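Here are the chains, one letter per residue:
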Amino acid sequence: MSALYRQLRDVFVSLKLTVVLLALSLILVFASTLAQVDLGIYAVQEEFYRSFVAIWRVGGLALPLPGGYLVGGLLLINLVAAHLHRLKLQWRKAGIQLTHSGLIVLLIGELLTGLWQEDFQMAINEGDSKNYSESFRLYELAVIDTTDPKFDDVVAIPDSHLARATVVQHPKLPFRVVTKTYFPNAALARRDASAPSPAAGAVPIATQGIGPNVAVTPLPLTYKMNENNVPAAVVELIGADGSLGTWLVSPDLGAPQTLTHAGRTWRIALRIARAYKPFSLQLLKVTHDIYVGTDLPKNFSSRIKLTTPDGRDDREVLIYMNNPLRYGGYTFYQYQMDSARGLTVLQVVRNPSWLLPYVACIMMAAGLLLQFGLSLLAFIAKRRVSPTT
Amino acid sequence: MKRFLPLFFLLLGLALIAKSLVPVRNSSDFDLVAFGRLPVVVNGRVKPLDTVARTSLVVLQSSQNVTAPDGTALTPNEWLLDVLFRSSRADAYQHFEINHPDLLAIFGLTPEAGRAKRRFSFRQLESKIDELQRQAKLAASVESAVRTPFQKAVVQLYANVGLYFRLKASLVSPDHKDFLAELMVFQNSVVAGVSAVRAKQAGQPHDEALAAQMMEAGGRFARMGELAYLLSVPPTDGEANTAGWKKVGDSLLETFQTGRVPPAVMVFAGLARMWTSGQAKEFNEVLRLYRAQLEKNFPTVLGKSDAEARFNAVQPFYTATLLYVLAFILAVISWLRWPAELGRAAFWLVGLAWLLATAGIFARMWLEGRPPVTNLYSSALFVGWIAVGFCLGLEYFYRNAIGSVAAGLVGFATLLVAHHLSLGGDTLEMMRAVLDSNFWLATHVVTVTAGYGATFLAGFLGLIYIVRGVFTKSLDPGTADALSRMIYGIVCFATLFSLVGTILGGIWADQSWGRFWGWDPKENGALMIVIWNALLLHARWGGLARQRGLAALAVFGNIITSWSWFGVNMLGVGLHSYGFMDAAFWWLLAFVTCQLVFIVVASLPLAKWRSFRSA
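Going down the list, the sequences are from chains A and B. Just so we're aligned, residue 1 is where the first sequence starts under the numbering used here, counting upward by one. Just so we're aligned, residue 390 is where the second sequence starts under the numbering used here, counting upward by one.
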């Protein structure tokens, strides 16, 4: 065993390192809390926790702090190393070991949640039925073949492909989709058709569809809680015989644009990314209760009819605050509501690792109880013997 | 003699409690107590008028004590009766608190013109109400977080004047001398009046005067209905229908359809007449009859509102505060003289105060039908309760009065905090939809709050270690060792509660919003307590902190806990606006500063500590 190895090992298993890392994490959490006032919660998560180095801006100063990945990762290494190094199977140590194992489960659970969790929303009007949920932030370019009146054939291209300007060639499409321009956030305005076309080098205006009549202004990305980034893109469709033209697409355009090619009819639209479900939810009734004589909300609830195409499930469920519907690996939460317009918005979450925090909580609570309980019992027994000390 | 000291102080404490339990006697011929027990609905729950009187006074002038211009003290119920029924007098009561000099300048007032140099009557404000309204509109256009202290004061006073107007329009029409007489005339003419109005609308012959009278009455009732603060007319279909309570104005509007003025409305108008004309016997008789009627349909509601009125009068937390102070003094003295006797006396008083606080917390839980912690106010009660509970345990084992001193300190401090939080109004609030879950309130909120309590207690024990060590010679090695063990033990509990509580909070968030952890300020605050406690334990296990270090670290825990408890709530308010500093923010800052001073004191070299100086 080399001296260097022993030195490194001693650092990584030391309680001193634990204390330093805990102190650093305390500062990180405190700084991130203050930073939320200016940055908003989403940007703070990215900058402070999903990073190795975070920059904390206080007044005019920019202080570098070890980020969440660095502190968390080192703590995890410290924890595992210390336990492996001092591993002894004793009752006296069981509580501590259980607690720390719980902590590992909790951290792994959070890691998996970050990797696996999908967050969508589903807005339904009273009487309407939906079998898909929509993303909070992601968009997709939908190219829909509507030639057959019986069904639509949809090819959805995630906006990340547009952002990277990937050339998309899909077997169902008789043309390639080439992104000419992509704005992650942009504002649209009606453009005066008689005005002279913009100078060379300005935003390329689409040649087809509604594009020529619309002016696009790129905007900086927003991280505010109550604002969304609305992307816009100009795509060119290139068939076997050459270009069909360019189209401006954006969720702000509203209706999809229609085109015909090779005897088939297509609709094209950049829309909020959808996730289809093998079942559908119909909103029967929304209820918004308030306390009498006040405008304080007492409860929000949505009565929903849940049906599957095979007819196996056909029942009514009630979703309200603190009482989500868990079905088919998804959880549906009451998220927002406009009872006057009969609209409910459900949050739809898929998180295969949702159970881990529960397990971790039980492990850590049991571990601490065991550890402190044993110490307390020993202490009381000792006091009984010599109550004067 | 001194061996009777514990018994003496125990009896003294019991006497204090007994005195608070004696039912309030009426100070005049009017049965004010029975009036205070009448149930009404405000802020979504049934409460006795007694609570309305007390919380309104506290909101208007931060105190329940009010005096008439001639200097006679009024009970809250007397005050409320004048506000509701006899505005000619109430308008002269100085119950609007104004502290900001610029706001006083608007009314052309000086502090000397007010009661206690800060309370003014409606008469004094009346002529400039329009200007107040204009200023309030200007201030309202500014986001509440960035308002200047002046704008905040304007908005507050405007709301308070609004509350006063709303109270006045709650039971009788404020612009009528004898509402009862008016209602009797109205009752006799309403059927004919409605036909006259119908005929008028149809263009047929009608009694023009009667129709006009009806239209005028309708307009006035509608205004009363809009303005009124109290939902005072009970539903006709029994107590299950809590949504059926109505305002006097609204139920008078229904009279146009039913043709019959509801009995409760007549009762209030009758009470108004008898109160203004000084007919105590009749007043009491009307109350008795109305109550007998309510007993039939609202037995449970009455039971609760009676109990609440009684609870208001007993003020268990006030008595508990006195007992904590007394216990603290006795316990400190016990370190200098008669340790056994005074120590036991202090221990018993702490126990008594704690039992009283327990009873108070249980009473609130029963009234509300909720677990103990539902808002900041009740969290302050609970933090104190849990910390003192631990102190009793420590004192039971150690018998060195340290537990009692800490209990007196924490008990007093938390009840003081609670008192200041109660100045916001009614402390029994309804829960917003998101929080409406007794299961999570009982598990997550209670454990997290217990974690606050334990962390604070460890911090206060740290303070005792530092103060006794640096400034006195009383910290002998045995005591120092015992204190250090106490801190360690309490930190263990604090870790358990704050860790489990925080994770339970995550699980609640997962259940309600679909995410376990979102790094929001309150979550971060709870996490910081967990991290700090974990740091303390690891520093001790690693030998990085010994007795003195542990004490100093525990004191820093006070800062972290106060930040999580109150600081993060001020984030949206205080920190991103430079002009504005809430009063609570200054208190928090003062607390943090003095804790930092103690930490600096703790880091003095041991040679400077009086207890450790080699004499």
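Derived from the structure by calculation, the hints contain no laboratory data. Note that the structure is predicted; figures quoted are calculated from it, not measured. Glycine included, each C-beta is placed from N, C-alpha and C at the ideal position. Watch out, some of these pointers could steer you wrong.
To be verified - Listed below are several chain B residues computed to face chain A (Cβ distance under 10 Å; list not exhaustive): (1) A822; (2) L824; (3) F905.
**Message:** When the structure is checked against the list of hints, which entries are broken? Sort them ascending.
**Reply:** none
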